[in-house]
Amino acid sequence: MAQVRVTVDGVEYVDDVEPRTLLVYYLRERLGKVGTVVGCDTSNCGACTVHLDGRSVKSCAVLAVQVDGCEVTTIEGLARDGELHPVQKAFHECHALQCGFCTPGMILQAIDLLGDNSDPDEQEVREGIEGNLCRCTGYQNIVRAVQSAAQAMKPGAAARVEAPVTVAGD
Amino acid sequence: MTTTAESTTPELGRSRARKEDARLLTGRTRWTDTIALPGTLHLSVVRSPVAHARITGIDTEEARRLPGVLGVYTVRDLAAEGVSLPCSWSITPDQKTPHHPPLAVDTVRFAGEGVAVVIARDAATARDASELVVPDFEDLPPVLDMEAALAQDATLVHPDFGTNASAHWVFDSEEAGTGESADRLIAAAESDSDSVVIRRRYRQQRLIPAFMEPRSVLVDPTGEQYVIWTSTQVPHFVRIFMALMTGIPEHKLRVIAPDVGGGFGGKLQVTPEEVLCTLAARKLGRPVKWTETRSESMLSGHHGRDQVQHVTLAAKRDGTVTALKVEILADMGAYLVLVGPAIPILGAYLYNSIYKFDAYRLECTNVFTSKTPTDAYRGAGRPEATFAIERTMDELAAELGRDPMDVRRQNWITHEEFPFTTVAGLHYDSGNYEAATAKAVELFDYDGLRREQQQRRDAGDPVQLGIGISTFTEMCGLAPSRWFGEQGYVAGGWERASIRMLPTGKVEVVTGASAHGQGHETAWSQIVADQLGVAFDDVEVLHGDTQIAHKGLDTYGSRSLVVGGIAVVNAAKKVIAKARTVAAHLLEASEDDLEFSGGRFTVRGTDKGMAIGELAFAALQAHNYPEGVEPSLDSSATFDPDAFSYPHGTHLAAMEVDTETGRATLRRYVCVDDVGNAVNPLLVEGQVHGGLAQGIAQALFEEANYDEQGTLVNGTFVDYTLPSAADLPSFTTDRTETPSTTNPLGVKGVGEAGTIASTPAIVNGIIDAVRHLGVTEIEMPCTPQRVWRAIQEAQGRTTQETPIDTHSPGAGLGSIDPNNPQEEEVQ
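These protein sequences, in sequence, are chains A and B. Going from the first sequence to our numbering is simple: count from 1 and add 5. Going from the second sequence to our numbering is simple: count from 1 and add 157.
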């Protein structure tokens with residue numbers, strides 16, 4: 006067993022973990038962060054994407070012991086006071102999800118992409134989310150959502166954005 | 158619709174963002190694997206690595222000794238040798254349907270078939286232990302090729318049958334009285350200099366549905382009922398068949414499909430693991446969970462397609478098609494699973510598609526092989542049919558030197574001719590192929606692209622342009638129960654809906670359809686909001702739990718809206734009828750004097766009225782209720798359609814083919830679909846986008862490949878090349894609206910349309926780009942290697958086959974065979 010001290014979605018945890026435990030299973034099984042899902046076993050699908058110290062990682066490709074001293078953000082930590090992150094909001098408005106299984110990872114990857122490039126063109130979005138697979142949408146509305154979120158996140162853009170979508174239950 | 162609120166915007170036709178998104182966007186989703194019960198044990202399946210072998214022993218000792226392991230069971234330990242997983246469809250009375258136990262008994266018949274299960278305290282221990290189970294096999298030769306499987310001396314997958322043929326199904330328009338004899342017309346055409354006969358062989362490669370959520374099952378035996386959570390499209394099927402298989406009485410079983418992460422037909426199944434978890438939970442008295450890995454999913458979940466089609470088409474030299482004959486071999490894999498044998502038959506009535514042919518004959522032979530069983534995958538038979546006819550119409554046009562769109566126009570049913578009974582005996586209620594085509598041709602700039610194509614040809618451009626056409630129709634909304642009965646299916650085709658009027662004015666809608674990404678919660682809310690005149694947000698849609706939706710026939714075959722949605726409409730009409738009686742009583746008016754509009758009954762000519770919510774409250778109190786009327790507005794309806802719906806459309810693809818590398822790039826894709834009235838255009842568009850991606854992926858990227866030993870060699874997302882965002886362009890989608898006349902909403906199904914139409918558009922486009930080089934056929938997926946090779950061969954150059962050609966779909970996206978020395982020589 007190895008000890009990890011990690012902050013996940015703003016809460017600090019200290020846990021003993023088996024050295025072989027992958028971050029995604031630590032999040033799901035120890036912390037109950039089941040919004041982060043497992044879609045494959047080869048790090049291809051990106052469904053398990055989270056942010057590690059502000060950058061996107063596939064949490065099936067990171068050992069829990071590697072995140073000692075780090076900060077992790079999952080899909081469950083994005084909304085603030087019940088208000089969705091602009092990328093979550095754009096996914097909703099643009100119908101960028103159907104079954105929703107890839108959605109948490111796709112959103113976290115899109116936020117990472119927008120951190121690097123605040124105004125990506127279509128091809129840049131497509132290449133930026135290439136490591137996240139979706140089987141439902143054909144990606145078209147995901148691309149549209151990411152570009153729409155980019156506009157909404159520009160400085161001074163808030164006034165043009167529609168009223169926030171409230172999340173029932175939050 | 159008479160009851161639509163006049164004062165508010167109608168919901169039907171409104172592009173609403175979905176109400177189900179809120180939980181999916183925030184990680185509050187209830188996937189089966191997310192559900193955790195105290196005391197849950199975990200099941201892992203030990204799978205055969207070999208395709209065909211006798212099991213001579215299974216050593217479980219070491220696995221049993223691993224701490225945390227509660228049991229290692231073979232099928233005998235579970236007393237399940239006699240249990241057979243269901244095949245619910247006999248396409249012929251003499252169909253050979255093998256016994257199909259949840260784990261192999263003495264013989265394994267495909268690589269990936271389970272031979273034992275391990276139950277442990279956690280999933281990791283169960284998997285560790287399953288690797289310690291050592292089965293001993295005596296190898297048998299695998300049966301891999303369908304044509305060889307039918308030869309006299311072939312190895313038999315099920316020796317008791319004496320053949321690898323499961324069934325032989327025939328449709329003949331002369332025998333059916335729907336047309337002439339195809340054999341006779343083809344023979345006549347062969348000896349007529351004024352006719353042409355086109356013969357082609359197409360291969361529909363094996364595909365993997367690859368839904369994003371791996372399947373998962375959790376069975377809790379600890380309460381009064383067994384509760385089964387499962388990632389399925391068909392909870393109602395699972396409940397009935399589980400009762401029949403295990404002997405657990407049906408009323409002691411509750412099946413819940415919580416949030417389900419995609420299906421595409423891949424979760425239209427009753428699985429071995431559902432049975433195994435139930436049997437293990439019964440044996441141990443504790444909850445048992447199984448969640449598959451992606452590799453397990455691809456190896457053991459059912460596959461789709463895998464057919465060989467021989468097509469013969471006869472036409473006059475003026476372009477009029479006279480006869481079509483199709484012979485199909487369909488690979489069933491090692492067993493017949495839920496609706497597997499019927500998949501080719503669901504396409505069999507559609508090879509004539511939108512056209513008027515004089516004669517049609519189809520013969521289908523279902524064949525056993527030592528591979529993973531096949532069953533529904535998006536489109537299920539109809540993509541295969543559409544591909545065959547649309548590819549062949551292009552070949553006819555090429556033979557006659559005509560524009561392929563003109564040849565289609567010459568043969569299709571014109572909009573004045575509806576309703577139209579086809580040569581396959583289907584009654585098409587409506588359609589307007591001219592309108593959809595005209596719109597698509599304009600959006601695509603068909604004439605402009607044809608000019609560019611000619612310019613590039615004239616200039617000898619190494620990157621050639623091709624235009625691919627696919628005009629299609631499909632039958633969806635499975636199905637009139639009577640039709641199912643005639644086809645040998647055990648289930649009916651109706652759907653059920655209930656509406657509960659809550660006393661505070663809110664509404665619960667219970668549907669027997671079982672959504673897994675489609676957006677039923679939103680669409681059904683829109684339908685009910687219009688019908689009852691209540692607010693969209695005041696409607697809650699409940700589904701996917703046999704205790705709540707106790708009757709239903711689930712979601713597949715683009716049936717949910719055209720069958721389930723109509724049941725919702727009918728239930729709402731009953732609510733209004735009941736409410737009318739109560740309103741008349743309370744308003745002291747005749748029922749005939751009441752108008753219902755905007756959710757309110759008013760007495761004609763007065764300002765007296767009551768809202769439907771007030772009437773629901775009156776039903777709760779029942780203090781002042783009409784004599785002899787039961788105090789409830791709640792209503793249910795079961796709708797059995799009397800016809801299919803027939804969406805259609807025109808899809809156009811501009812393909813750029815690099816003749817030096819073989820790389821085919823989709824430059825522009827335009828489709829105009831006619832799905833009748835759209836409840837929610839945003840959702841319709843989403844369904845089309847996703848459908849296109851899957852159909853295009855069949856044309857360009859995907860194939861499940863087996864080696865000579867019968868091993869699936871690309872059973873992971875590393876090498877089964879699902880398209881990513883970077884592999885696809887944005888599509889131009891549009892619609893025409895020709896309302897269906899067979900249902901009160903005028904709607905048609907949309908879930909499968911994009912997949913059905915797009916595959917031949919892509920392949921026709923690639924071949925159109927290189928036809929002048931002599932290429933007439935390229936097998937799917939049309940990877941750079943296959944395209945390049947087809948060009949070389951058409952030019953009379955030799956190429957060398959390598960294992961990569963046969964065992965991988967072209968070695969990935971855009972890669973060139975590294976083992977092929979010919980590659981450099983030609984360049």
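Calculated directly from the structure, the hints in this document are not laboratory data. Worth double-checking, as some hints may not be accurate.
[Unchecked claim] Facing chain A, from chain B, some residues (calculated, C-beta under 8 Å):
1. M369
2. T450
3. K473
4. G476
5. P619
6. G843
7. T873
Here a beta-carbon is modelled for each residue, glycine too, at the ideal position from N, C-alpha and C.
Hints broken by the structure, by number, lowest first? 3, 4 and 5
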